[in-house]
Amino acid sequence: MIETIAASRCPRCGAVVAPPERFCPRHPVEMAPIALPGAGEIVSFTTLHSPPAGFRSPLHIALVELEGGARFVCHGAETRGLRIGSRVAIEAVDDVYYFSHLGAMDRARLFWRRAGRAGDRAQAIVRSLTKRVWKGTQRGSS
Amino acid sequence: MLDVWVLGADMTRIGRRDDSLQDLMAEAAHGALRAAGLEAPDALVVAAMNPEEFVGDGNFASNVGAYLGLAGTPAIRVETATSSGAAAFYAGFAQVAAGLRRTVLVVGGEKMTHLDTPRVSELIGRSIDPYERSYGATMPALAALVTRVLMARHGVGPREIAQVAVKNHANALDNPYAHFQRAVTVEEVLESRMVADPLRLLHCCPISDGAAAVVLTAERAAVRVAGIGQGSDTLALRHRDDLTGFAATRAAARAAFAMAGFGPERVEVAEVHDAFAPFELISLEDLGLVPPGKAGHATLDGETARDGRLPVNPSGGLKARGHPLAATGLAQIAECVWQLTGRAGRRQVDARVALAHSIGGLATNNWVTILEVERSQALP
Ligand SMILES: [Zn+2]
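For the protein sequence lines, the chains are A and B, in the order given.
Quick note on numbering: our numbering labels position 46 of the first sequence as 46, and the sequence is numbered without any gaps.
Counting the second sequence from 1 gives a position; our numbering is that position plus 142.
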């Protein structure tokens, strides 16, 4: 199951933030509520060895860029094998969000969900492949 | 706008101090007044990040004013988290530049070492976005997220980052005001305890007590305030798109250089906010003091060492001089004044233009102050 993450969008600049904020951080206007799929890419992550009171050590914290644009802060069970750009799923356990590596089944489910109606699937496959190739190029050149 | 000059500057020895916060403030403030040859200023600006919780005192402008023996002097307090000292300097500058006051005493300080480290971290952490804090984010945690991105995108490796700490500890050996008078090696830094992966203990500034003060005046003096700029950014790290630099520093630098009427190429010494060693590398590029992507190499090549092209943190920086929060922005400026007027002792460098850079919170409220010594006043 892919979670849905509550977020909000600025009607002025289009910025999306999660969790939702009342006002856009960069414009004094009310944001509109939206929902984002709980999946995305690791932007950065860290492990705290002396976390604040109320958290168990080691504490894994990640910054994830959700599909749909917002960046999201969450916990994780571990960071072994994790890299910037790793695809992760976000799920809530007792109202606390955790990331986990996306398995093949999760990826497939996400993919078909995003593809929507059968007629759109071919287009979605092309889009997905194009995105992957483009990203590969970007990483190779940086 | 009137020209504003620094008439005097002073600071306490920074480190673990038994003195009260008020006594630390008095030591720095009375020292700066003595250096300025002034008994009392027209106005007082006080910087303290969180005296309510660190020492239990509020109404702090009046509290400090009365303690200093300046109960009749108009006083305000300024707070922008860890850059409060620089913000207070701006508030004093603005009063003099506007012609509202002829002389202003600016004093900043913090007293923290009497509390245990988890409590200090918690209090400093209150400057973090509440949602990120609810996930256990501390200042080192957010700095670690930034550092990992920096290391992935900029070709900055562990040795480049470690060298910042090595350089700044070496500089502090010649600073009698510094918290640490102990050299460290790259290997020691790389083997020190992991705090927030990839940040280790020796990448992080210590918890320090101390105070610093400056007297500003509209009368011509040795050092002129050439430019001041402020920049701000989102409270939440997750609301930013780019973590390889701080927009708040870039905006502050743009404003400060625009006021000064010259660019970063004229800066000959800089005090930079290295609360975490990688922040010095980020900031050097944000400030335009080294070209984008070159801060790591410049540091390894010794360009920012005391005998290099551009000495950075000759005082030892936050890393080794120490970081008594609201004192820091003013301690940086005091160091710049001493460097420009030939009073920096064994750590003296040759400079006519100095830059001080202060970060508030996780780069939510940053300041750049540019000081210039009058040519006739410069040492031969
Ligand atoms: Zn907006």
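It should be emphasised that the hints constitute simulated quantities derived from the structure, not laboratory data.
Among the hints, a few may not be true.
[Unchecked claim] Which residues of chain B face chain A? A partial, calculated answer using Cβ under 10 Å:
| hint | residue |
| --- | --- |
| 1 | 161 |
| 2 | 164 |
| 3 | 165 |
| 4 | 273 |
| 5 | 287 |
| 6 | 332 |
| 7 | 336 |
| 8 | 376 |
| 9 | 378 |
| 10 | 381 |
| 11 | 393 |
| 12 | 403 |
| 13 | 404 |
| 14 | 485 |
| 15 | 487 |
These figures come from a predicted structure and were not determined experimentally.
Glycine included, C-beta positions come from ideal geometry on N, C-alpha and C.
Violating hint indices (sorted, rising): Those not satisfied are hints 1, 2, 3, 6, 11, 12, 13, 14 and 15.
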